[in-house]
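Chain W is fixed; fit chain L onto it per the hints.
Chains as they are written, first to last, in our numbering: chain W, 1 to 573; chain L, 1001 to 1688.
It cannot be assumed that every hint is accurate.
[Unchecked claim] Subject to a maximum C-alpha distance of 35 angstroms in a straight line, what follows is the list of computed DSBU-like cross-link-like pairs (lysine-lysine):
1) L/Lys-1308 <-> L/Lys-1386
2) W/Lys-482 <-> L/Lys-1104
3) W/Lys-389 <-> L/Lys-1460
4) W/Lys-341 <-> L/Lys-1222
5) L/Lys-1492 <-> L/Lys-1460
Since the hints were derived computationally from the structure, they do not count as laboratory data.
This is what each chain is made of:
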Amino acid sequence: MIYPPPLNLVQFSFLAISEQYLSILTQTPIRLINYRFRYRSPPPFREIDDLSTAIESSPILFPCHFRAVFVNFDPNSYTADQLSISVQAHMAKFAAKNSPACGTCASNVTVSVTLDSNSNCISNGNNVDWKCGALNEFKFAEKHEDGLLDEDFASLLDNNSGAKVYTVVAVKTEQEEVRAVVGKYRHAWIMGRIFEEEAIEKIAEIFVNVFMNGGKEEGLIHGEFMPLGADGRIVLSFNLLNADPHNWIYDWDFQEIDENLLSPVIDALKPLADVSVESQVLYHTPKSSFSFWDDRLDSYIFSTKDLPFFVNSNEWHLDTSVAAGGLSKILQFVVYVPSAKECPLQLQLPNGEISTTNGFISPMWGGIVVWNPSACLTDSKIKHPLRYKISSEDSRKLFEVFMGQLRQLFGLKSDGLFVGASGTSILLASERGFSEWELDVLSRQHSCFNLLQCGTTLGSLSRLVQSLPRMIIMDDIGKQVKYSLEAARLTLSNALLGIYDASAESSRQARLLAEDAFYHPSMMSVSYYSFEHCFAVYSPFFLPVSLHVLLAVLREWKRYKQESKKYYAWKAK
Amino acid sequence: MFKCCLHSQLQFRSETSLESDHLMGSREPIVLIFLILISTYESSAKGGIAEELNEEFTEGLLLRPLPDRKVLAHFHFQSSVPPTRIYGRHHHLFPKSIYQLVNKFRVREMELSFTQGRWNYERWGGYDPISSSSAKPPGVELWADFDVPLDQVDDSWRNLTHALSGLFCASINFLEHSTSYSAPQWSFHSFAGKLRYGTLPREAVCTENLTPWLKLLPCRDKAGLSALMDRPSIYKGYYHSQRLHLTSDDFGTAKSNAGTMLEQTLTVVLQPNTLGARAMVSGKTLQPSWSLNSLFGRKVHGKCSVSKSSNVYVQFEQNLVSELKEVRKKSEAPESGILIHDDFGNNTIFEMSASPDRVVKEVENLQKEDSSILLEFLVEDYNDSKPFDLGLRWKLPVVWSCQQAPLHASRFLMGSGNERGAIAISLKSLSSNNTPTVGCCEKGSQLRINIFQVVPWYVKVYYHTLKVFIDGELQSTMENIEKIHISPSEDKVSPGVMEMILRLPCGVITAALTLEFDKGFLHIDEYPPDANQGFDIPSAVVSFTDFQASASFEDNLLNKLPILNELQERKHVISYTEVLLVPLTTPDFSMPYNVITITCTVFALYFGSLLNVLRRRVGEEERRLKSKAAKKKGPLTSLLSKLSAKLKGRPVEPPETPSTSPSLINNKLVLKVILVAGIAAGWQYYFR
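Here chain W stands alone, though its shape is the one from the complex:
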């Protein structure tokens, strides 16, 4: 015992000082953290998990109501119930071909059948308001105009109950040719010399592949990639690009296009999305890849394999819109006026043919149309470039191509024909761009996709929060998550009831709130104080201390071995 007393004294003085330092040492980081964020309100993890499992386990399916009307068929061969059952059986067969996609109809579809022949009128189901014998007034043979027929059917089938019922009317006439037409509203008709079995198959196909799935084919854009912003807004940005204004300058009267052609489309899309339109004319915007001259076609050819290099993002300042919010989707539509050096410019399909529309789309980005000026081959050595205006006829044509492209971007067919297993049906084009049954399909898909997106966003948010236990979450985020969950639940209940518009609206709300919560500014600045950081700051303390402890343990272990050896030696004695 030589040194202990002074050591003790030193210890005490050290302790006195260290007490102060200790308090600083331990409290500063905590104080720093608390200074910024008051508390942490965890989002409802369990409810989020419930929602995402509910969405992922089974896709949202809507109840759908179908109605088949058989006119002039023999009433004795089949009863209405038999017909209904066989239509449903065929529908199940068609539906089984592809797995139930999100946003289609549930398996428990209702099919009501009406048999309307001259003498009697039989129907099953309860809410069938088919005016029996009404079709007798029409002289089908005289009316070949599909549009007029469509309006006639619309007035016949007009139901004020508000429930969305899809109808197919099969009319047996003396005509040899069987004609199937899908109208602009929620009905279709089949006409001609047709037998029951054939009619049943056709009706079932129209129900499943057109009214339920929107007439989609493989290879078209999937519903998940619908060009809709998270806030349900789309900005259609129309651009007229003059590749080289030294040759010619083209202008358009977009005001007119906007007022006359675009506004009905915007109105039609209103339940689905809030569409705004803007336009600009740009100059000196060459494309980025080269075309080659083809003598046979007498034009410059741009082949399909080069299409990815058509858009020249260096020179095409299409610009994101200031007016659009951060979550809006912008679709660019570009009219490309080639320079005199490469006029006329034609797009070539892979099979060697020339594209009829001379345009192409890029999913989620927009569409491009190459428009060749009529004055292509005139002398290009003009001192002052000429100013032209694209004629209203030409701009109407361009607009039609753009409408087709917009429909394609939404995953719909643009050629007006549906080729099914049981023959081809004509899809009537609406002057509003989208027919009613197509809008139904879109809003079903939209609400389903939104809900999926909302589920994944909330899921990743909850995973993020759980993986960073020290991260502080603002109160607002918790609130947004709560509201988002409520909206998602509302969507689900609306979907069960079959209210498409309302479910689309509430699903949009759910997704918007989820995205808002995820991209909340306080989340973006990752200002949390990680444990690793804490450890790094205190490493000057932990490293020497651990060294001491290690050495001490080593020595003790050595001594223990020695002592135990001694002990055994002593024991052995």
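The following block gives chain L in isolation, referenced to the frame of chain W:
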């Protein structure tokens, strides 16, 4: 006039060809095309005149030789669009982004400038329209006037700064904090309460700001005059300022047809490339010769095809013109011809590579004998095969000076140390006989000077210490200040703003204002990166309200051309002072970590020794030593054991002395206790 001639000529030509057509019957198709061409050109030109309400884009470039062997190039682009209620919201020339910006934030007027370098008022002039409108403070300056209710102005401003910072790739969004912008009441521009003004003196300006600015032009830098903007040549200049000025009356109740107008200017001061040694003529150095190609490294290949007019001007200032006359008199026989009517392409003093299409003289005002001259060159007539490259070659040495502002304003800091200081604004008469101060004095009125200054909150200005010195003597403040408005700074909320109208007697030579200030402290989070560099106090704006910086030109036709309109716009003479750099006390930012480290080290030492003491078994060690001592050892082994003992930190106990007297240990103990107590006492004494 020239244009008219051109038109009539064209008309004549088309008529003649028509006649010939009739006479000759069928002609070659080329002639027909030519005919159609001319007729469409005519109709479009006529349509442009008849239909006033159309979008327009014009471009212009003004070049001016400067006295200090440099050249000023001032690009001017203007796009205008009629009001939305008449014209609709779809445009074919006006930039979409700007239109959306104006409509979204309801901007009535806005000016944004990016500047690098400082305008040298003494050498490059301070009185002409260009120095008043295009000489800007370094960094970013933004002011905007909104057409929204008063309580929404701040929100609009914040949103606008964010939108602009996205549009121009600059950190304009730093202006969103209320500490960085101010609301001048009356001095800056006369808008009531809805104007916001902010500057970022330290913003670095480079190509990433110029490219989005060029994107707003329909031809960008692909064609027209903007094709001259070769980035390396522009940015190696002495001064570079790109400006964007926006006016809109879309929201006003007034049914005017002015619509929205976007004015973009780029002002650069370049040093012409003088190859080799300076040319000397009769002992004096010649002004450097230059051409567009030597200045910019490019030539103009025709105009931007959508622009209405595309002109290049070379301006000879008033003083230069009178100097030229002088030189002419000296060098030649008394051939007293007026310069205007001379051959501008080639005379005895200088030579131009192209002859001007027109010469415009400034209307003489008051007692000025000579007035500045503009030489106009039309770019339309040039194309790829015949590019436009304007050159100016001096043959005789000419020395002149630019027209100066009434007083030269500068600002500096006084005092030393990190605690307090003073700001001084000094106004100095440059005492040359051609300053317009003379005119003011003849009227016997006083010189009124408007000063607007914004000071950040951490420079705490004591406005009661305002002192006015005139010609070196302290004067009463009340007598010399006509009007003053001060909004003191509020810590971490708003900057201090001072607006005043100073009234000075006429023959004043120097005047100075001083204001004392204390330097504040910032929270550790508020320091910017590289805080040791110091903090900037934005430039003060000094405007001379009695003087109009405008030139009026003789030709009324010229009013159609925006670049000349800009020169003719009636504006006060404005100059900006220097940016001040205030060093503030900055903490040692690594201090918290240092404290943590040293504390941790002390703790680790303490812990280690404590652990050793706890672990030690004194009795056992003594026993072992004794048993070792019992064994007889050789000298080498004893030495080794000593060494090992020393290394292990144990007290060396020679085995020969098995027992020592306890009194000796007690003595040592007492000594050590005293030592520790002394240290503790000293500690207490010094750190209390």
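Straight-line alpha-carbon gap W/Lys-389 to L/Lys-1460, limit 35 angstroms: This hinted pair is violated, its Cα atoms lying about 62 angstroms apart.
Hinted pair L/Lys-1308 and L/Lys-1386, Cα distance within 35 angstroms: holds, 21 angstroms
Restraint status (C-alpha distance of L/Lys-1492 to L/Lys-1460 at most 35 angstroms): The given pair, whose Cα atoms are some 12 angstroms apart, holds under the 35 angstroms limit.
Satisfaction of hint between L/Lys-1104 and W/Lys-482, Cα-Cα up to 35 angstroms: holds, 32 angstroms
Given hint L/Lys-1222 paired with W/Lys-341 - CA-CA distance at most 35 angstroms: Status holds; Cα separation ~17 angstroms.
The structure fails hint 3 only (numbered hints given earlier).
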